[in-house]
Amino acid sequence: MLNNNFWELTILAGEVDALDANTLLAVDVDGDGRQEIIVGGSSSLLWYRPDTFEKGLIANGHFFEAITFAYISNENKADLFVVGNENNNNLLYQFKQNTDYPVLWDKHVIDPTFNGHATKMLFADMDSDGEDELIILFNNGGILGLTVYKHNALTNQWSKNILDIDLISDDFSVGDLDGDGKLEIVCGPDWFKPANNGPYSGKWEKNIFAPSFREKCKTFIVDITATNRADIVIMETDCMDGSLSWFENQIEGADISWIEHPISDHLVYSNSLDVKCDAKTGKTIIFTAEKETCGTDERYNPDAKLLTYTSADKGLSWKIDTISHGEGAYKALYHDVDNDGEFEVIGLGRYHFTNPKLQIWKRLNEPLFCFKHSFLDRNKQDLAVEILSADVDGDGKQDVVCGSFWYKNPTWERYPIPGIYQIISSYDIDGDGREEFIAMKRDSRYPDNDYMALMSGELWWIKPNDPLQQKWEEHYIGKINGDWVHGNVIAPLLPGGALALVVCYHDSLYNGNPPEIFELPPDPTQPWDKRLFAPVKYNEHLVISDKDVVSGNYWFSNKNDGTFNVHPMDLTSTAARIGISDINGDGKPDVIVGQKNMGENGIVPFCHFFWMEKPTNISSYPWKRHVIDITRNILSLCVADIDGDGIDEIIAGKHDPYRPYNSRCRLFVYKKADLEGKVWRRYIVDNRFEHHVGGIAFEIDKGSYGIISHGWADKKYIHLWEIITANQEK
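The sequence shown begins at 4 in the numbering used here and counts up one residue at a time.
Just so you know, the hints here were simulated from the structure itself, not pulled from any lab data.
Check before you lean on any hint, since a few could be wrong.
Unchecked claim - Here are the computed lysine to aspartate or glutamate pairs in the DMTMM-like style, where the Cα-Cα straight-line distance is at most 20 Å:
1. K466 <-> E476
2. K718 <-> D689
3. K719 <-> D398
4. K550 <-> D585
5. K400 <-> D385
6. K375 <-> D398
7. K466 <-> D380
8. K718 <-> E477
9. K681 <-> E57
10. K482 <-> D510
11. K718 <-> D704
12. K719 <-> D380
13. K540 <-> E519
14. K196 <-> D277
15. K163 <-> E136
16. K718 <-> D380
17. K533 <-> D435
18. K196 <-> D281
19. K153 <-> D114
20. K279 <-> D179
21. K411 <-> D398
22. K317 <-> D380
23. K719 <-> D453
24. K474 <-> D435
25. K444 <-> D510
26. K322 <-> E345
27. K209 <-> E251
28. K308 <-> D324
29. K674 <-> E11
30. K58 <-> E679
31. K365 <-> D54
32. K474 <-> D431
33. K674 <-> D54
34. K185 <-> D114
Please model the complete structure; the sequences and the hints are all you need to start from.
Set out below in structure tokens:
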């Protein structure tokens, strides 16, 4: 399946090593022909190398968002220019690579008393002497201005000039608009012409070219019409309804008039603008990126997009292509980062976290995975808390079980499971080679629409004697202490390989009901003995690692006498769903954690999706975190090798309980891009449905895999995605 508009997302850093990072630049800093990405924030300035996944520290310190480069110290190595703060003073720095690159760079102060903080900087020949000057837009308490620094190559000194110019926007661009060989400045909806005696000689003349645009804009000067006249692309930034237009330059003698050509008027929180012209094809490409959130505004933009607008007819018409839908970017660049002649997108993801993620989108001819969706059920009446695959009818194929129904592979016909309310687990309990099921019965004291209360009460195990004819055998396990089972595992955990069921309860954090363990008796048809499993408050997913029990916050190591030691891993996370896999290849099982955060007022905020590295000493606290992604409410998670390459993938789905059938949740597959699990590639399975305790991979038939899922708000649907890898497609 060829898809020439497929863009693969690589999360180069789930969390960059710079606090409040808002500085982004791509350049070959060391002259080796490979691009580096520069990221800076309030703690440090860093470089990342996307082709090898290396990274390094340029400097420690507090740096502002504007950054640029020039080849001044060495014609093959780029110097970096950035404004930072030391001891409450703002300084303009020049960073030079030393002979011990990539260790800390040499820092030189160009201006020890820089006025305000820098929002944008670039090099351009302002005074037409054949040498570029450093131009910096500063913001000093809301007062905007432009400072120009001129370098003297003989003395290696910088002289400073502040332009007499009235600005209203925190972005600018430069170009020769009127063809007189001198540079003009575009800032917001205005353009400025220098004084007759030169840029530093007096006040710049202000002209308005985009009178209907707000003051906060990004601009780009480019010859769209191929008439050797500089046109202007302008975009309103950080608005819920931002406009994007290009203005055609009409020069008549010494005067310029502008013709507006609207492109879009519904950009949401858009903050990135870049324009590329292809001289060979005559095409102009405008790139823009929306953000998911904007400043302190808690409103969420779930449909954030990365977009290109391409014109092959000199701006008369524009073809819109969506690079990403549902994943935006901040400070995004449209740049050939791998030197293959094709543009990639580089962007930061900021979601009110101190450390954003760094991501790259690259166009590929075909995706690694393809997914075919179908509904197994469109009308499941009751809310279900679990979904699982199991061979219900003993034909050797994995069926699907959810709530009080099972779905027969391969027709997926639905059959009821009589007498119970919720299936929560499966295991060969009586040792006959067939799977049986752990179930919660309906608590008849509560009304039918009180889904949670109906799950209170008793646990049973049921045996499918003839499930096609609805003949099941029931056996009582025992009564639970909590409100309902919210996480469970069943495995041979006891001495001699005896079977045990460990459960934790939904109300554990609120009512203090700790996890309990039920022990299978010699006669499995008799009630099971129950006791305390561990004196902790935990109410979410449990998994097995060998004979240990693992939660999202604790590792319970088996003492092989029926009891377990409690080892906290990370008590700061709101762990919801977990998986086990040796992520970094050190031979120890690591723990993957999807967090939940239901937020307030119907808005689900972002959380870290991460894995924890198992230490040599299991009692070490806390376990080291590695952020995979920043996303919302991963309440569906599964670890499986779905492409058969011997390396586990992670399947993760978002949960939003507030908006049935309109939650903008998505289901992802994450695949390691490096051996250590620090860089990940993410693929979209589906972007339409909400997921709760789903996203389960299973083998539909020999060598054919699928993913099943269901939702909490979208409770009536059961989904199946059949997985087709690129290799299988060929």
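If any of the earlier hints don't hold here, list their numbers in rising order. Hints 3, 5, 6, 7, 8, 11, 14, 17, 18, 22, 34 not satisfied by this model.
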